[in-house]
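Undergrad: So you can see what is in the structure, the chains are spelled out below.
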Amino acid sequence: MHEYSLAFSIFESLRARLAQPEMLPSRVTRHASRIKKIHLRQGELLVLSHEALKEAWRIITEGTELEGSELEIERVPVRVRCPGCGYEGDAKYLAEEGWHMRVPILSCPRCGARVEIVEGKDLAVVALTVEEEVGAS
Amino acid sequence: MAPLICGRGHVCWIRKNYDLHHPPLRVAGTGKGIYPHGEMHEIRVGFGDILKKQLELAGENYELLSSRGVRAFNVMGAIGSGKTTVILKLAEELRRRGIRVGAVAGDVAGDDDFRRFREAGIPAVNINTGDDCHLDAHRVHHALEDLPLEDIDVLFIENVGNLVCPADFPLGTEMDIVVISVTEGDDMVRKHPKIFAQTDMVVINKVDLAEVVGVDPQRILADYRKVNPHGRAILTAAKSGHGIEELLSALGF
Numbered sequence: 169m170h171e172y173s174l175a176f177s178i179f180e181s182l183r184a185r186l187a188q189p190e191m192l193p194s195r196v197t198r199h200a201s202r203i204k205k206i207h208l209r210q211g212e213l214l215v216l217s218h219e220a221l222k223e224a225w226r227i228i229t230e231g232t233e234l235e236g237s238e239l240e241i242e243r244v245p246v247r248v249r250c251p252g253c254g255y256e257g258d259a260k261y262l263a264e265e266g267w268h269m270r271v272p273i274l275s276c277p278r279c280g281a282r283v284e285i286v287e288g289k290d291l292a293v294v295a296l297t298v299e300e301e302v303g304a305s
Numbered sequence: 009m010a011p012l013i014c015g016r017g018h019v020c021w022i023r024k025n026y027d028l029h030h031p032p033l034r035v036a037g038t039g040k041g042i043y044p045h046g047e048m049h050e051i052r053v054g055f056g057d058i059l060k061k062q063l064e065l066a067g068e069n070y071e072l073l074s075s076r077g078v079r080a081f082n083v084m085g086a087i088g089s090g091k092t093t094v095i096l097k098l099a100e101e102l103r104r105r106g107i108r109v110g111a112v113a114g115d116v117a118g119d120d121d122f123r124r125f126r127e128a129g130i131p132a133v134n135i136n137t138g139d140d141c142h143l144d145a146h147r148v149h150h151a152l153e154d155l156p157l158e159d160i161d162v163l164f165i166e167n168v169g170n171l172v173c174p175a176d177f178p179l180g181t182e183m184d185i186v187v188i189s190v191t192e193g194d195d196m197v198r199k200h201p202k203i204f205a206q207t208d209m210v211v212i213n214k215v216d217l218a219e220v221v222g223v224d225p226q227r228i229l230a231d232y233r234k235v236n237p238h239g240r241a242i243l244t245a246a247k248s249g250h251g252i253e254e255l256l257s258a259l260g261f
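As they're listed, the protein sequences go chains A and B. Mind the numbering: the first sequence is residues 169 to 305 in this note's numbering, read in order. Mind the numbering: the second sequence is residues 9 to 261 in this note's numbering, read in order.
With the rest of the complex left out, here is chain A (with noise of 0.2 Å):
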């Protein structure tokens, strides 16, 4: 189970932006111990548990200033670019019974030859759900 792991980089990656105030937009670092919600995108070629990741993510948090926050994440279709014929843009999908997970395919939707990752490997933090104090501007 490497969802620990993961847990603890994303934890890691954002508190070390929180200590660097200029590496985050003043509105997350003013309201810092308010964040609610990591919102991670995730692409689909990766193979991770929601729910581990979450439970890491909870117990990494404990007693620390992001305690209390949740991680909410994203599944992203996977993008691929074909060195033969130039398309980029959604992979083709196998969409069969019995098959109970939607697999990418990395095969050209257009021409069928062998295509690039685009995105679809990344697990990226995009944004911060913060409550800001009330009062504040």
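None of these hints come from the bench; they were simulated from the model. Keep in mind that a hint or two might mislead.
With a straight-line Cα cutoff of 20 Å, these simulated SDA-like cross-link-like pairs (lysine to any residue) come out [claimed, not checked]: (1) A:LYS260 <-> B:ARG233; (2) B:LYS60 <-> A:MET191; (3) B:LYS234 <-> B:MET209; (4) B:LYS202 <-> A:GLU171.
For this one, chain A is given, so just place chain B on it according to the hints.
TA: Structure of chain B alone, referenced to chain A:
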């Protein structure tokens, strides 16, 4: 991760437009609050470096291996599918041809595979992940420091037996190979489609036992072709050496 194939047809670890995933930090408006009491603001930030470190380390391994003229292969697969035996048979034949082989044995605990490599006279390093379910580029980097790379032409990195996690951790190898065997059943691809969709080659081992265990390798092949139309599939019975020649030629030897 499957390595990318760059425009010249080479394996390429440099994700050219990685910057797309690292937009400059900016405040892109203040979204509506998600919480009912209304004081919430959603603020756009962008840091996609959660996995970037892994990619960078894998890239460094790839550079190091290339600069020493070492061709490296990441051998993943289920527990007991025959990864070690396949590697030993490949090594035997490669060495007969005068090609020098090295190995990295990755396991949660123990040194059984490592000892099998050493007994076969293969320079090897053992990595115990201590409960981690996969090798990562950082651990492999340290293994490379302990290997006599100048005496190695081909390096087999045997990953931890697991069909889930290793897919997410690029090591910096030239090719990713998954070894499964018919004794695990004919539904391995259907149960773990993501790893098969991304790897360059699948080895279906122990085909000599297919009839005994009532598994049709063609069904596994058909599933694999569906999730990975560009991957190669090789049938082997590694213990007896069946299919090893074909596998070597598929690996470019």
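Undergrad: Checking one constraint from the list: CA of B:LYS202 to CA of A:GLU171, max 20 Å. Satisfied?
TA: The given pair, whose Cα atoms are some 17 Å apart, holds under the 20 Å limit.
Undergrad: Assess, step by step, whether the Cα of B:LYS234 is no farther than 20 Å from the Cα of B:MET209, and give holds or violated.
TA: holds, 14 Å
Undergrad: Would the hint linking A:LYS260 and B:ARG233 be met if the CA-CA limit is 20 Å?
TA: With Cα atoms ~14 Å apart, A:LYS260 and B:ARG233 stay inside 20 Å; holds.
Undergrad: Has the given pair, B:LYS60 with A:MET191, been kept, meaning a C-alpha gap of at most 20 Å?
TA: holds, 18 Å
Checked against the numbered hints listed earlier, the structure breaks none of them; every hint is satisfied.
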